[in-house]
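In order, the protein sequence lines correspond to chains A and B. Just so you know, we're using the working numbering here: the first sequence kicks off at 1 and counts up by one. Just so you know, we're using the working numbering here: the second sequence kicks off at 1001 and counts up by one.
A hint or two may mislead.
These stretches of chain A come out as covered by chain B in the derived footprint (C-beta under 8 Å, 3 or more residues) [to be verified]:
1. 5-19
2. 32-40
3. 48-55
4. 266-279
5. 283-289
Dumping the calculated DSS-like pairs for lysine-lysine here, alpha-carbon to alpha-carbon at most 25 Å [said to hold, decoys possible]:
6. 1308(B) - 1273(B)
7. 169(A) - 183(A)
8. 262(A) - 1392(B)
9. 1308(B) - 363(A)
10. 1315(B) - 363(A)
11. 1273(B) - 1285(B)
12. 136(A) - 169(A)
13. 116(A) - 169(A)
14. 1052(B) - 1308(B)
Worth flagging that the hints you see were computed from the coordinates, not collected in a lab. Idealized CB from N, CA, C, for every residue including glycine.
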Amino acid sequence: MPFGPIFRAMTRNRARFLLIVAEVALTLAIVANCVSLIRQSRAELARESGFDDENLLSVTSRAFAEAFREDNYLDAAIDADARTLNAMPGVRAASNTYFVPWIGGGSSTEVMEGEKRFRTQFYPADLRLLDTLGVKLVQGRSFTREEFAPGSGGSAPANAISPALISEKLADLMYPQGGAVGKVIRDSQGVDAYRVVGVFGPFYNPYGWPIGDYAIFYPARSGNFRSIQYLVRAAPGQARTLIPEIEKTLLAANNGRNVEVKSIVEIRSFYNSRDQSVVVALNAVMILLVFVTALGIVGITSFSVAERQRQIGTRRALGATQADILRHFLLENWMVTTIGAVLGAGLAYAINVGLVTMVDGAKLDGWILVAGVGLLWAVGLGAALGPALKAARIAPAIATRNV
Amino acid sequence: MFAYNLRLAWKSLRRNPILSVLIVGGIALGVAISTAFITVYHVFSRDPLPNKSGVLYYVQMDNWDPAAPAHPHVSGLPPQITYRDMRALMRSRIPARQTASYQAALYVFPGDDRARPSQEPVRMVFSDFFPMFEVPFQYGSAWSRAADAADTGPEPVVVISSVLNDRLFGGANSVGKTLRIDRSEFRIAGVLAPWRPSIHMYDINGNPFSDPETVFLPFNWGERLEIRSTGNFDNWTRFDGNPTLKDILFNSEADFLQMWVELPDEASRQAYKSFLDAYTTDQRKAGRFLRPLDNRVTSMRDLIRQWKVVPPQTKAIASISILFLIVAALNLVGLFLGKFLARAPQVGVRRALGASRGSIFLQHLIECEVVGLIGGAIGLLLSLGVLAFFNKVFGSLARTQDFFRLDLTMVLAAVVLSLVAGAIAGIYPAWRICSVPPARYLRNQ
Chain A
1 MPFGPIFRAM TRNRARFLLI VAEVALTLAI VANCVSLIRQ SRAELARESG
51 FDDENLLSVT SRAFAEAFRE DNYLDAAIDA DARTLNAMPG VRAASNTYFV
101 PWIGGGSSTE VMEGEKRFRT QFYPADLRLL DTLGVKLVQG RSFTREEFAP
151 GSGGSAPANA ISPALISEKL ADLMYPQGGA VGKVIRDSQG VDAYRVVGVF
201 GPFYNPYGWP IGDYAIFYPA RSGNFRSIQY LVRAAPGQAR TLIPEIEKTL
251 LAANNGRNVE VKSIVEIRSF YNSRDQSVVV ALNAVMILLV FVTALGIVGI
301 TSFSVAERQR QIGTRRALGA TQADILRHFL LENWMVTTIG AVLGAGLAYA
351 INVGLVTMVD GAKLDGWILV AGVGLLWAVG LGAALGPALK AARIAPAIAT
401 RNV
Chain B
1001 MFAYNLRLAW KSLRRNPILS VLIVGGIALG VAISTAFITV YHVFSRDPLP
1051 NKSGVLYYVQ MDNWDPAAPA HPHVSGLPPQ ITYRDMRALM RSRIPARQTA
1101 SYQAALYVFP GDDRARPSQE PVRMVFSDFF PMFEVPFQYG SAWSRAADAA
1151 DTGPEPVVVI SSVLNDRLFG GANSVGKTLR IDRSEFRIAG VLAPWRPSIH
1201 MYDINGNPFS DPETVFLPFN WGERLEIRST GNFDNWTRFD GNPTLKDILF
1251 NSEADFLQMW VELPDEASRQ AYKSFLDAYT TDQRKAGRFL RPLDNRVTSM
1301 RDLIRQWKVV PPQTKAIASI SILFLIVAAL NLVGLFLGKF LARAPQVGVR
1351 RALGASRGSI FLQHLIECEV VGLIGGAIGL LLSLGVLAFF NKVFGSLART
1401 QDFFRLDLTM VLAAVVLSLV AGAIAGIYPA WRICSVPPAR YLRNQ
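With the rest of the complex left out, here is chain A (with noise of 0.2 Å):
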């Protein structure tokens, strides 16, 4: 391979060269970086609830009418509901609770474990919980009627052991070993104790701060004067047309309040709409700058064989083929390309650095760069292909002609 040569050739044109050279590291740069903030969102938006999202209606009903502020007709309008939703043909199940899968809605508490400290989410949750939501019991046993205590609010009964389904990362953690049911988990304060009669699996909390995926669901209807929260669980297929049924039902049921239904999957990508838009925006500004920069090296060595017709015409004359010639250019764009992505790979990390302390950005990863690499060489080449292949059928006679 004659890269003496061509390297010498090189130098003699060095404006031209710095700029495809500084092209490429730019590109390859700015690339790399898109991608490892693209697989960070990524990661963010291709997490799953592990629930039925699909098929879930979140159904909210808020009251006017001053009856509701009475404890005992609240209760009876709860469970008047539940049976109303659990009735509605279409419906798979429903439940009452306060959590709604990509919003949250528990409160957060310490619980002990000896002398350990653990974080977790808890909810209220009624005997259809695990159904609606679509996540199964792994160990132990769901609640009991018996247990399922009179009575609304969304606290836990003061100074009494309620009976507690956990999550299976709640488990995990706290029980490295197993054995979770059975287990009695008190509360930081002293003041709540849970017996563990269940684990259940996968859960997730959609919050910002470290909370994991730890729930603990306690039985209790939730609500209150102001609102009142449904999960509804839709046979595959009648959630859209369930929306304005659920309206209707409820509207004609009790009429003194109005009520909001929403999809959950309307609810998640409301949740994901940040990551969802630098996912976009990342996307559409890497494959311009690749398509940019492929018209850039079109330009530049259109622009190099042009201004060296002579010299090819010469060398053509001497007995170089055209095979010789296209090489010649596709060798040196090979090369350029080269020194530009190695460049380039510097520049990556330097970017990266600023990167990781602006947006707490994960470390670049190195196949990143390798599969760039592998990017700008194929477009490199495929960008000086034409403008080589031009050259390379330069007639040898151009040498002779006087310019």
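Got chain A; can you put chain B on it based on the hints?
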């Protein structure tokens, strides 16, 4: 001379339309992307209250459970304060103005029996809130400080947003009319002019991009009517037996209030900080504030930064988009080189006829800048499309369809960016063409 150069530039552009379209397109693309992303960053990071964000201070106190680790909030302290501490702080005369505040949700009953009542987001505030946050009024005004009064009881007055006024009264002046909210009647004291600060700066505990509330009530109605907070509510109080709602809200360690004070200078800030420290130290005698002394008085400007309200990715993407513009401009260097050097014989003649190198350089640089500006103008139009797209994706979070919009600063930024892009693309080719030796091109003609 300048006009002549402009004319030359225009002629040159028309001579090779395909090449011109490529060059202009390249700059347009670069300017579109960078303007759009810088705008996104600009909209997020724009100071919501430039006149006030340095003198409005947010109060935090560490009343968290002494047995627990630090509060998990990004600041390491409970983000809000308790009701009883608020009562004590409001007695201070150091701040020029002050308000506590929290969000609630209450039903508003339209006078018309046919319309359904609607649950509205409500903000509980003291009268100082309105001047502190430069809230604009369309009709009437804020209620007076006297109407706040805790001892004699607050007056039944309310301020409503223009949105609610449009819905209930068709936009007419409704000052003086009464409105039933929850179970009580309130007299409308003022109607806000359309008001949508870039961030929900007086309460960034929830979604910092939500719209302002539609109903503003005197704070002291909160205790009277036992209005609960619908915002963040952190409570670690140990209650004996079954606490009443009053106990939980007003006589506990429940943090649910934002406390803002207006401190016009450094001296008053220091004085206020000492006042806070003295207060918490004193409270320790009563067995409260048992964690290490940590009171903070943070300006709105710093708070927005420290609580990371602006998504950090926007800054990263804005920087990346500027690099993108630079690459786009670098790409055009090759195209300009080809274009200019093809003209070398003609330039040789001009040089031989006496044109100086400087005027040749200027001629070509102006051509590049003309291209830059044309591309920039097209890019600016394209960036509107990009922003419209972001409004669609992001709009659900901001609850509005024109959250991202170009303002004058951004238009100027786009002009500067296109001039810079033109310069990056043009300086080297212009220099090359002006250093062409005239003799070489005269020989064979």
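- Output the numbers, in ascending order, of every earlier hint that fails for this structure. 3
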